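Take 1 as the starting number for the sequence shown in my numbering and just add one per residue.
Hints may contain errors.
Label-pair ranges, simulated between beta-carbon atoms [what the hints assert, rightly or not]:
(1) Phe-464 - Leu-332: 21 to 27 angstroms
(2) Ala-440 - Ala-223: 40 to 46 angstroms
(3) Ala-218 - Leu-337: 47 to 53 angstroms
(4) Gly-120 - Thr-29: 33 to 39 angstroms
(5) Ala-449 - Met-380: 18 to 24 angstroms
(6) Gly-120 - Ala-218: 38 to 44 angstroms
Because the hints were derived from the structure by calculation, they are not lab data. In this text the structure is predicted, and so the values were computed from the model without any measurement. Don't be surprised by glycine CBs; every beta carbon is placed ideally from N, CA and C.
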Amino acid sequence: MPSIIGIESWERFSYYGMQAIMAYYLYDTVTDGGLGLPTTTATALMGAYGSFVYLCTIAGGWIGDRLLGAERTLLAGAWVLVFGHLALSLIPGGAGVAVGLVFVAAGSGALKTSAIMMLGRVRNPGDPRRDTDFQYFYLGIQVGGLFGPLLTGFLSVTFNYHVGFAAAAVLMIIGLIHYHATRRRLSASWRPDVRASVERPTASIGRRGALAVGLTVAAVAVALVLLVTGGVLPLAGLPTVLLTATMTATVIMFAQMLLDRRISSAERGKVLAFIPMFIAAVGFWAIHNQAFGALAVYADVRVDRIIGGWEAPAAWSQSINPVFTLLLIIPLATLRLRLGHNPGIGVQMIGGTIFTGLALLVLVPFAGLPAGAVPLLALMATYLFITLGELHVSPVGMAASTVLAPARYRTRFSALYFLTMAVGTALAGTLSTYYDPTDATAERNYFLAVGLGVMAVAGLMALFLPRINRLVREGEKEAANDAAQESAAAPTAR
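All chains, full assembly: derive it from the sequences and hints.
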């Protein structure tokens, strides 16, 4: 597994490194090497970009299944990522941002989905090593998220932003070299059916279908570029467009499943039970992904980052979340084992959503302090609550999408979970346009409104908790039975 886990780790290293300095590059003054955009426009663009990344993740899964196969999609995504980082590094101004972010989003979406697909396919359903593989996979993501901002943040302050973007490209190239160096040993252990599922599409749509899809995507991209460059659609309005698009897609997907007469009434009930969980996950991501927008601005202009007479780069604040994740994930798991009780999916999502809302309420007492006067510990406390929310919402939300899925819509139901990220990130960008660090009242109201709003979502979900718990238990029993049957039918792993 080192080749697959390794390339994902290097991809996260480069991706989070680039993302950590992007907002600052967008709104920093031209004399300081930035583009000089309004702060609200910069944070809105980060929300739009993040939402587009998650949409590309869904598209990447489709491309791997229907066009290229998982491995070729992974490698293509990696090279597209390299091109995107190089565009940010070498092409000056808004043109470099437009080209670079689109390619980074497309490459990241293709690579991430393909890596997950490959990791899941190379082991038999009942193989206990599958869980270990995914634990290492998650660990690699966190390590990349920790060190990426530290490296690019240092380089952007010491040299300039373009050096930071170039470093992200180099990191991804290292990941590709590592993958090719270790792939042969991995592929030698693949069974013929595994090799076929990894190297070839599982359900090809043919050349005509591929051409039709390519032309459609190109037409939409050109239309968006013309709307933005022609002034019809302002840059700050992009997250609203993506929020509308992702919410529309969500409504269509839920409606299609609920109105399908081929699914049973019990399955329909499970789909309905997932709706409040979907909304809770959206609320979580709407705060979590402000780390690259409003909270990035907060770290830059409001927080005292002086450590021993030296000012730490603002981008380093984005390494706090992965630090807490690495510190807490094992103790939390150990605590649950010792207690002998693992709270249900619904309870964990409610608790995680409450933690996430509290994250912004921590900052309310500091509204009105002079610029650069907020203690670093306050921001660290905010990220601690966000991390606690993530450890309770993210894994169980994905688990819920598997146990509540109707039999006919299992793959599409997993895509619904990625849509929570797309909707939540677009919402984060839209909300960030209301954040004003120069107005104490506006800042206080922003943190109160967003934090309490997300906590209210947790309260709404609590109303449906008994029904959710019952349906989740039923879904877990069915999933366990299916896994047992697949394990019995699968050949012994080598």
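Hints and how they fare:
1. Between Phe-464 and Leu-332, the C-beta spacing of about 25 angstroms keeps the proposed range 21 to 27 angstroms intact.
2. Checked against the hint of 40 to 46 angstroms, the C-beta distance between Ala-440 and Ala-223 comes to roughly 41 angstroms, which is consistent with it.
3. For Ala-218 and Leu-337, the Cβ-Cβ distance of about 51 angstroms falls inside the hinted range of 47 to 53 angstroms, so the restraint holds.
4. Between Gly-120 and Thr-29, the C-beta spacing of about 47 angstroms breaks the proposed range 33 to 39 angstroms.
5. For Ala-449 and Met-380, the Cβ-Cβ distance of about 23 angstroms falls inside the hinted range of 18 to 24 angstroms, so the restraint holds.
6. One distance hint, 38 to 44 angstroms for the beta-carbon pair Gly-120 and Ala-218, is violated here, with the actual separation near 31 angstroms.
Hints 4, 6 from the list above are not met by this structure, while the remaining hints are.
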